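Colleague: Make the full structure from the sequences, and use the hints.
These protein sequence lines are chains A and B, in that order.
So that you can map any letter, position 27 of the first sequence is 27 in this note's numbering, and since no number is skipped, the others follow by simple counting.
Counting from 1 along the second sequence, just add 1000 to a position and that's the residue number in this note's numbering.
Keep in mind the hints are simulated off the structure, nothing from the lab.
Keep in mind it's a predicted model, so treat the numbers as computed, not measured.
C-beta atoms are modelled at their ideal positions from N, C-alpha and C, and glycine is treated no differently.
Just so you know, not all the hints are guaranteed correct.
Unchecked claim - So, partial list: chain A residues that the calculated Cβ filter (under 7 Å) puts toward chain B: (1) Arg9; (2) Gly47; (3) Glu48; (4) Thr49; (5) Arg51; (6) Ile52; (7) Val55; (8) Leu102; (9) Thr106; (10) Leu109; (11) Pro113; (12) His194; (13) Leu215.
Said to hold, decoys possible - Some chain A residues well away from chain B (every beta-carbon gap over 10 Å; in silico): (14) Pro19; (15) Ala75; (16) Val105; (17) Ala140.
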Amino acid sequence: MHRFANPARFTRIADRVLPFAGFGAVAALGIGFYLALFVAPADYQQGETVRIMYVHVPSAWMALFIYVAMAVASAAALIWRHPLADVAAKASSPIGAGFAFLTLVTGSLWGRPMWGTWWEWDGRLTSMLILFFLYLGHMALMHAFEDQQRGYRAAAVLALVGVINVPIIKFSVDWWATLHQPASVLRLDGPTIHSSMLWPLLITALGFKLYFVTLVLLRMKSELIAARLRALDLARLKAS
Amino acid sequence: MREIADFFQMGGYAAFVWPALGLTLLVMLGLLVTTLRQLRARQRRLADLEAQGASRRPRREEAPPRQEEATS
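Modeller: As C-alpha cells, this is what we get:
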C-alpha cells in the first residue's frame, strides 16, 4: 500500500480515475433517478412516498459505508503510519456527515406521512443521529489543533471508538421495538423487495457510491495541496 | 397536461417527496461545488508561491549571512 503513499503518484492515479468516476456517477444518478421517478411503481401500502426510499436508503448506506472506510483508514494511519490514510479520513468525514444528515431529514420527511411523526427516540433513529454527531466530532477534532498531526491522531481515535455504532445501527431494527421497517435488501435470505423497485434502488446507490469516489479523490487532492502549502508557509516563516 | 399535474402531486404527498429529493440534490451539489472551489483556490495559491519561490531563490543565495547567524 505504501507504493501509493507518494502524493505525486497518488495525484496521477486520481487524475486518471476521476473522469470515469465522475462520468459514471452522472450516468448512474441520471438513470437511477429517472427509473425511480417514472418507471418504478408506487408502493401498495406507502403509495408515492416510497419514492423517498431512492434517496433515503442510498444515503443511509453511504453514511455507514463511509464511516467504515474512515475507520479502516484511521486504523491504517495509527498502525502503519500510512501518510495518505489520514488524508483519506479527513477528506471523507464531511461527505459522510452530508449523507448522515440526508438520511435523517429524508427519513423524517418519509416518517411524517407514513408513521404520523417526524421523529421517534427509538434505536434506529437515535443511533443514526449519533453517527451524524460522530462525523461532526471527527471534523471538529481535525481542526482543533495547531499541529495537523495531532488533529489526525485525535480524529483517528474517535473514528475507531465510534465504529461500534455501525453494527448497532444495522441491527437496531432487530434488537429493539421500532417504527423503522427491517432490512429488505441486505438480508441473509436475499432481498424481499420487488425487482421493479430493487433495480432503480441499486442503480441509484451505485451513483451515490461513484459520487463519493469522485468527491473523496478531489478532496484528497485538495488536502495534499493544503499540506504542501502548510509546509511552504512554515519554511518561509523559518527563513524570515 | 393532466398527467404532468398528477406526477407533480405525487399522490398527495408532494410536500414530502419533492423536498426529500430536492434537498438530496442540493447537499450533493453543494459538497461538490465547495470542494471544487477550495481545490481551485489552493491550486492557485500553490502556483503563486512556486512562481515567487522560483524568482526569489537566487537572490536569497546572494544575500550576505544575517547578523544572528554569523554570531551564533
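Colleague: A separate judgement is required for each hint: does it hold in the structure or not?
Modeller: Against the structure, the hints:
Given hint, arginine 9 of chain A at the interface with chain B, is violated; its Cβ is 18 Å from that chain's nearest Cβ, farther than 7 Å. Against a cut-off of 7 Å between C-beta atoms, the interface hint on glycine 47 of chain A holds, since the closest Cβ of chain B lies about 5 Å away. Taking 7 Å as the C-beta contact cut-off toward chain B, the hint placing glutamate 48 of chain A at the interface holds, the least distance being around 4 Å. Proximity of threonine 49 of chain A to chain B holds as hinted, the smallest CB-CB distance being about 5 Å (cut-off 7 Å).
Given hint, arginine 51 of chain A at the interface with chain B, holds; its Cβ is 5 Å from that chain's nearest Cβ, closer than 7 Å. Interface hint status for isoleucine 52 of chain A: upheld, as the beta-carbon distance to the closest one in chain B is roughly 5 Å, under 7 Å. Because the beta carbon of valine 55 of chain A sits about 4 Å from the nearest beta carbon in chain B, less than 7 Å, this interface hint is met. Hint on leucine 102 of chain A holds. Least Cβ distance to chain B is approximately 5 Å, under the 7 Å limit.
Checking threonine 106 of chain A against chain B: minimum C-beta separation of about 4 Å stays under 7 Å; hint holds. Look at leucine 109 of chain A: its Cβ gets to within about 4 Å of chain B, closer than 7 Å, so that hint holds up. Look at proline 113 of chain A: its Cβ gets to within about 5 Å of chain B, closer than 7 Å, so that hint holds up. Look at histidine 194 of chain A: its Cβ only gets to about 18 Å from chain B, farther than 7 Å, so that hint breaks.
The criterion of a C-beta within 7 Å of any C-beta in chain B is met by leucine 215 of chain A, whose closest approach is roughly 6 Å, and the hint holds. Here proline 19 of chain A stays apart from chain B, with its beta-carbon at least about 14 Å from theirs, past the 10 Å limit. Once the 10 Å rule is applied to beta carbons, alanine 75 of chain A is consistent with being away from chain B; the minimum gap is 25 Å. Distance check on valine 105 of chain A: its Cβ comes as close as 6 Å (rounded) to a Cβ of chain B, failing to clear the 10 Å threshold; non-interface status is violated.
Every C-beta of chain B lies more than 10 Å from that of alanine 140 of chain A, the closest at about 17 Å, which supports listing it as non-interface.
Of the numbered hints stated above, those contradicted by the structure are hints 1, 12, 16, listed in ascending order.
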